[in-house]
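Student: So for the sequence shown, the working numbering puts the first residue at 1; every next one is plus one.
Since the hints were made in silico from the structure, they are not lab data. You may find that some hints are simply not true.
To be verified - The calculated lysine to any residue pairs, modelled on SDA-like cross-linking and capped at a C-alpha distance of 20 angstroms, are:
no., residue 1, residue 2
1, K689, N726
2, K225, N78
3, K636, S669
4, K226, D108
5, K206, L184
6, K560, L514
7, K576, A496
8, K615, Q449
9, K208, H495
10, K34, E132
11, K615, D441
12, K334, K295
13, K407, I363
14, K100, N78
15, K99, E132
16, K521, M548
17, K636, A496
18, K283, D611
As the list claims (entries may be wrong) - Per label pair, the in silico range of CB-to-CB distance:
no., residue 1, residue 2, range
19, P301, N261, 14 to 22 angstroms
20, Q27, A288, 53 to 61 angstroms
21, G364, N261, 52 to 60 angstroms
Each residue gets a CB set at the ideal place from its N, CA and C atoms; glycine is no exception.
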Amino acid sequence: MLKMRRSPFDEIKGHNTMTFEIAIKNQNYKEAEKSLMKIADSLLKKNAHDEIRSLIALFPENYSKNSALLSFYHHTLNHLISPSAAQEGLVRLIPYFLKKQDFCRVVDIYTTLLKTYMVYENIENIINLIEEVDKFDADFGSSLNLNYCKQFRAWINLGKCWVYKDRDRAIETSIQIEETALKLQDELMLIFSLIIMAHLFNGRGKFKMAIEHLDKSLRIIRTNKKHKDYEAFAQCNKANTYLLMRDFQNLKIEIDRGLQNLQEGSLYTFHFYELLFYYDLYKEDIKACEQTAEKIIYNYPEHNSNFRLNFMYFSQLLISYISGNKDKVEYYCKKLSLIENRNYFLYDYPLTYLRFAEASLFIGNYDAALNTLMALLKEIPENKFTYHAVATYALTGLVHGRRKEKKQEQAYYEKMGKVLTAHDIGAINITSLELLKELTDRSNNKQLQNLLQRRLDHIIFDADKQPGFSELKKIPDNYVEIRAFGQLRFILNGHAIPDSEMERHKKAMMLIKLIIVRPDKCIAKEVIYDYFWRNYNTKDARNNLNNMLFRFRKLFGEYKDFISSESEFIRLVKGKYRLDVDVFENYADLSKELLKNCEYEKAISLFDNIDNIYKSDFIENDLYNDLINEERYRLKYKYNQILFNYTLTCLNQGDCHRAYRYAGKLVKSDPLCEPGYRLLMIASVLTGKRQDVSMIMKNLKSRLNKELDVTPEDKTIKLMKKLLGNVNLENSLWDDEQFVLFD
1 MLKMRRSPFD EIKGHNTMTF EIAIKNQNYK EAEKSLMKIA DSLLKKNAHD
51 EIRSLIALFP ENYSKNSALL SFYHHTLNHL ISPSAAQEGL VRLIPYFLKK
101 QDFCRVVDIY TTLLKTYMVY ENIENIINLI EEVDKFDADF GSSLNLNYCK
151 QFRAWINLGK CWVYKDRDRA IETSIQIEET ALKLQDELML IFSLIIMAHL
201 FNGRGKFKMA IEHLDKSLRI IRTNKKHKDY EAFAQCNKAN TYLLMRDFQN
251 LKIEIDRGLQ NLQEGSLYTF HFYELLFYYD LYKEDIKACE QTAEKIIYNY
301 PEHNSNFRLN FMYFSQLLIS YISGNKDKVE YYCKKLSLIE NRNYFLYDYP
351 LTYLRFAEAS LFIGNYDAAL NTLMALLKEI PENKFTYHAV ATYALTGLVH
401 GRRKEKKQEQ AYYEKMGKVL TAHDIGAINI TSLELLKELT DRSNNKQLQN
451 LLQRRLDHII FDADKQPGFS ELKKIPDNYV EIRAFGQLRF ILNGHAIPDS
501 EMERHKKAMM LIKLIIVRPD KCIAKEVIYD YFWRNYNTKD ARNNLNNMLF
551 RFRKLFGEYK DFISSESEFI RLVKGKYRLD VDVFENYADL SKELLKNCEY
601 EKAISLFDNI DNIYKSDFIE NDLYNDLINE ERYRLKYKYN QILFNYTLTC
651 LNQGDCHRAY RYAGKLVKSD PLCEPGYRLL MIASVLTGKR QDVSMIMKNL
701 KSRLNKELDV TPEDKTIKLM KKLLGNVNLE NSLWDDEQFV LFD
């Protein structure tokens, strides 16, 4: 039996559709349009968009195009699908409905436009719309009924909160709007108010509260399917919050989930791509950044959009910055400084100002950096933009520090410290990890050190998921991640055990360190008794060890099985933990094989992951244990050897910018490695920084004289003269270099 196709009229039972149906059949479209208005307005309130679309489709195409009412419904229904066309169409309809004194229809247009601008973060249009709406409200607001007026003004206040037009009362206003939404039973208004509250909390660095509000908005959306079109909006804001937190693991989860749930053709695909770009940027995976940037720049359908143009300029600026390409950074900084391009700073404000200041700092344009930061400080009071104020104070202090203005430098570091002390901020908005490390060293601020460590804790070692690295052993999901480079850390499901808890288990921590330095990750109990309880009898020593392990395991809950105390040994259980030192060793061995087989692209990709793992020296705070010191020396030698080989490989492959970065890392890690200085001088010339050669030689002389009381080799002096004499750079200049480590 054939199934009968449903009529559009079946979708709208409960409405008087007879007149509409008869009018359509008789081709009396004027009468049909009048009937549609009664039906469609009711359906709009229920978000029954598909039903309205099916009714509009019954009109001839030419009639629909020339009908203001049908155009209104068409653009209202498609404002998230085709935002540019909808915006243009709705704006053109405002004078028509004003002339007819259909003020409710004008309000609906303004509200739809506002939702569209907020969803796609068109800040400039929101600001202009609010000014226009305030005038409309003053002229015609009294003509609206009370509930309609309340609803309209609540939406406008949401827009003002989004662009911080009323900064002092933003959170209070958002809460009031939430109350209004509950009274009017307007779920969509409630969803927007929750997202905007999250937006405001992010500005204050209260990321956990932001996530709570976004989760609540997503629960409402997923419970009531009629709001499904706004799920990507909420999901994207949640992912962005994880980006601000520098929680890269959860960021990647939300990006993947968001892209998976998007409807085909959704413009939000590009917003998730933007977040993916920043995910790869903070991992310093430049190739992945470039690929994602190309998808957005060349495939974004609305070629005049502020989003696309803003992203085009700032993505290229940041790629050049992280790649160490000063010439390109200087070009894009100049481009963004032009008056006609100032609007691009509005999207993602005030982060755009901080990124521009950081890039200006990188190329040594301290005036531009300082002017940008000072302008930002006037705009962002620290109690409203706490998260951004911390980075602004930090970068301003750094500018003064680079200028040798110690008094001003310390003053801004103190301001930064006061904000960090007064607020529980989970991250700092500094793009470059190296710059964050420099800030931490210069300011000597404990809270900033904690933020640096949190960021390091969230960086994921995922090179084994890439093609070509299947040789690396897979680890199950339920494991303890042990970070021994830098401060010893334990990561459970992406979250580090707090320092306060680690401090309470000092002996257990020392025991873990003693196990880690052993190749088999195992230590005899007799050795432990002798180390910790030398003057105790065996029974008391055993009881002390058992008590220590019991308390220590309580820290790990369901993950406690990673350490075993069976038989006469304490060992780490294979498959229950992942140690960064083991991953580092695996990658180091694999890199040798890749270079040996001339698989340079894979080798270079792997080197980037090695550098992410070796963030600092092995258990850097424990300086008095001979076993740890010996392991620290061994690992540092291997890391510096890798950096040296990486630099040579990049020079041979013509990747001079990467060679410059890694030669710089090598001489910073080993300040007495003279071959490293020679490679750095060569890479400086290749990247257009010939003027740096003399300074590199000066630094080498100073180090050698201070530490060893010697002068640079003749080979180094001859190389410097060649490089300053505009010699042609050939492979012979570095082919015979060999790695030598001084400690």
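Student: Now, for every hint given, state plainly whether the structure supports it.
Tutor: Each hint tested on the structure:
no.: 1; hint: K689 - N726; verdict: holds (12 angstroms)
no.: 2; hint: K225 - N78; verdict: holds (17 angstroms)
no.: 3; hint: K636 - S669; verdict: holds (8 angstroms)
no.: 4; hint: K226 - D108; verdict: holds (18 angstroms)
no.: 5; hint: K206 - L184; verdict: violated (29 angstroms)
no.: 6; hint: K560 - L514; verdict: holds (18 angstroms)
no.: 7; hint: K576 - A496; verdict: holds (16 angstroms)
no.: 8; hint: K615 - Q449; verdict: holds (13 angstroms)
no.: 9; hint: K208 - H495; verdict: holds (14 angstroms)
no.: 10; hint: K34 - E132; verdict: violated (29 angstroms)
no.: 11; hint: K615 - D441; verdict: holds (14 angstroms)
no.: 12; hint: K334 - K295; verdict: violated (25 angstroms)
no.: 13; hint: K407 - I363; verdict: violated (23 angstroms)
no.: 14; hint: K100 - N78; verdict: violated (24 angstroms)
no.: 15; hint: K99 - E132; verdict: holds (16 angstroms)
no.: 16; hint: K521 - M548; verdict: holds (19 angstroms)
no.: 17; hint: K636 - A496; verdict: violated (24 angstroms)
no.: 18; hint: K283 - D611; verdict: holds (10 angstroms)
no.: 19; hint: P301 - N261: 14 to 22 angstroms; verdict: holds (20 angstroms)
no.: 20; hint: Q27 - A288: 53 to 61 angstroms; verdict: holds (57 angstroms)
no.: 21; hint: G364 - N261: 52 to 60 angstroms; verdict: violated (45 angstroms)
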